[in-house]
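Novice: Take a look at the letters that make up each chain.
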Amino acid sequence: MSENLSPEQKVSRRDFLKVAWGFFGGLALLETGGMVLAYLQPRLAEGEFGSLITIGLVDDFPPNSVTHLTNGRFYLVRLADGGFLALYHRCTHLGCTVPYDQTQGKFICPCHSSEFDQQGAVQNPPAPRPLDLFPITIENGEIKVDTGSPIQRAAFDPSQVVYP
Amino acid sequence: MTEPNPPDTMLDRLRERLTPEEFPTDDRGRIRMVVDSLVLHLHPSKVPVTTIKWSYTWGLGGLSAVLMTILALTGIILLNNYTPSVPQAYLDILEIRSNVWFGELIRNLHHWSANLLIIVAVLHLIRVFLTGAYRPPRELNWLLGVAMLVLILGANFTGYLLPWDQLAFWAITVGTSIITYVPLVGESIGRLVLGGPEVGANTLLNFYSLHIALIPLGIFGLMSYHFWRVRKDGGLTLPKPVDPAPDPLTWQKPERVTTIPHLVRRELIYTLGWFAALLLFAMVVPAPLEGIANPDISPNPAKAPWYFMGLQELLLHFHPLVGAIIMPGLAITGLFLLPFFDVTSASVGIYFRSRRGRSLSLLALGLATLLTPAWVLLDEFVLDWVGWLPGWDSLISNGLIPLALIALGLFLLDGWAVKTFGADTEERVLFLAVFLFTAFVILTMIGIFFRGPGMALYLPWNMPAAVH
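Chains A and B, in that order, are what the protein sequence lines are. Everything in the first sequence is counted per our numbering, starting at 1 for the first residue and increasing by one. Everything in the second sequence is counted per our numbering, starting at 1001 for the first residue and increasing by one.
Rather than coming from a laboratory, the hints here were simulated on the basis of the structure. Note that beta-carbon positions come from the ideal geometry of N, C-alpha and C, so glycine has one too. Treat the hints with caution; some may be incorrect.
[Said to hold, decoys possible] Label-pair distances were calculated between CB atoms; the ranges are:
no.: 1; chain 1: B; residue 1: 1205; chain 2: A; residue 2: 152; range: 24 to 34 Å
no.: 2; chain 1: A; residue 1: 40; chain 2: B; residue 2: 1232; range: 32 to 42 Å
no.: 3; chain 1: B; residue 1: 1091; chain 2: A; residue 2: 51; range: 26 to 36 Å
[Claimed, not checked] In silico contact screen, one side only, chain B against chain A (beta carbon under 8 Å); selected entries:
no.: 4; residue: 1028
no.: 5; residue: 1301
no.: 6; residue: 1316
no.: 7; residue: 1394
[Unchecked claim] Partner residues aside, some chain A positions facing chain B, computed with beta carbon under 7 Å:
no.: 8; residue: 97
no.: 9; residue: 113
no.: 10; residue: 121
no.: 11; residue: 125
Please build the complete structure, drawing on both the sequences and the hints.
Specialist: What follows is the structure, given as structure tokens:
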């Protein structure tokens, strides 16, 4: 094709069209891909798991107790010193629901035998991080847990405990 | 040949069009029949007599196609009695089992064919690997085959959720959580696949759509391409004697025989035999079904589908990024790159490449069978990387360090094969591949048969019952 080019012509018509078609074709593909991705985005229904849940009064939960609140998918842990933690019951390893073993006082995952203590910290891998937390607010002795935003943490820290 | 007069009546003309022509009795007629027929012309009109021996291909590719056909047909009629919603899906399966004529049989046939397909497809891959049939010019067909294997696993995995029982729910929960360990994009891909934060009604609908539409369409397209390429690449590789290895210049190509009846007859016998066996099996052995899915209670143990138990076993020993992403990623990449790395054409068609290749394969098989359980026991009871290296990120202590040790072990094995046995490139590839594949099979068997409640190790005959 180069024989038709005059010296000042750097790009032939054919090459220009090739690049232009390639560019706009690629752009159209990207747009279509984006549309499909947007179309497939999950929609969350109101009022399901993921909202702010009121679970009761502080005095309903004695110190050193673990209560499974299945609607909210979490354990409400009241530590021996009276502080509260809301632990997401989903194992941070591969998503199994972690049951609480009353006799051993810890959470033991049935899927890959990860173990967590009452604060949710990893006692035995393969879980890579402690159980996720849900934010707790206590107003007038009433406990509310926001199940919409699980908090990932690298380790247990006393500042995570909420006191009434 | 003179044109015969068309029959007099319309009915006769219709009958003439619909009834098959006279079955040919001479080779010329048989060849014509293959060339003229839509289905038969997937075959060449003549085939080398050595490639249709059972003991060369074992009919594994053909059997995969037969199983795909059974799966498509049983799958289509199962659709008529199934609703992909919670909890109706589970109730529908109960209906299919107890209240639909032949429902249980068709579900069983679908279930067992799907499981058998995984085994047969992997055996097909092994056959092609061992005879070197992935080498030029057949590289592309090897890639298509590996892609189909991935799709077959995808079809099995998405189908696993559809009964919506405890088995399905937790296997899919565990399986999809693996995705979230992909760096950067894992969390959002996981949400997209699940259609929400956890396995639920949206997941069921997503998986249903993948299982009945997208994946089968992909497999059908790749299958057609795969068949076409077999002929484009000059048919199957020709089996060659190992001892003495033939000289490519003087080696006599084998005699060719007509596809009808030699190949077609074998295919019919094989298909009917397997179909009869499957039907009998499906009549006697029901597909598993547990209680309805309960997101609050994980059964103990919660196991992935059996074909992912090798992966789940890796997850017990390594940080998830290493066990579930890096290692399988390397394996798939290795499979894809294999035909571009190992290109020797001399040994194509010889099982295990050479006499030395056979010895090395046997050695690799034995070594992997001994070393894999030894390593599992060692890691279970002695190695404690996280405890020994407190304060280290578990990705390094429980992931990259043991991965590096295993890579070192493979490197030493490879050096040993070269030094002691004088293995050349193709024999080294064979040695390591047999070792790694055997190790994976052993891991899968440990996961299936030796893991009990809490994923602790038990002897199969002492296994406590699972808690649901």
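Novice: State for each hint whether it applies.
Specialist: Consistency of the hints with the structure:
At about 28 Å, the CB distance of residue 1205/B to residue 152/A agrees with the hint of 24 to 34 Å. The hint said 32 to 42 Å for the Cβ distance between residue 40/A and residue 1232/B, and at roughly 36 Å that hint holds. Remark: the range hint 26 to 36 Å for residue 1091/B to residue 51/A is upheld by a beta-carbon distance near 28 Å. Restraint check, residue 1028/B versus chain A: the minimum CB separation of about 50 Å is more than 8 Å; hint violated.
Interface hint status for residue 1301/B: upheld, as the beta-carbon distance to the closest one in chain A is roughly 6 Å, under 8 Å. With 8 Å as the threshold, the beta carbon of residue 1316/B comes within range of chain A, its nearest partner Cβ sitting at about 6 Å, so the hint holds. The interface hint given for residue 1394/B is met, as the beta carbon of that residue sits about 6 Å from the closest beta carbon of chain A, less than 8 Å. Given the 7 Å rule on beta carbons, the hint for residue 97/A holds: about 5 Å separates it from the nearest Cβ of chain B.
Against a cut-off of 7 Å between C-beta atoms, the interface hint on residue 113/A holds, since the closest Cβ of chain B lies about 5 Å away. The interface hint given for residue 121/A is violated, since its Cβ lies 13 Å from the closest Cβ of chain B, which is over the 7 Å cut-off. Taking 7 Å as the C-beta contact cut-off toward chain B, the hint placing residue 125/A at the interface holds, the least distance being around 5 Å.
The structure does not agree with the numbered hints 4 and 10 stated previously, though it agrees with the rest.
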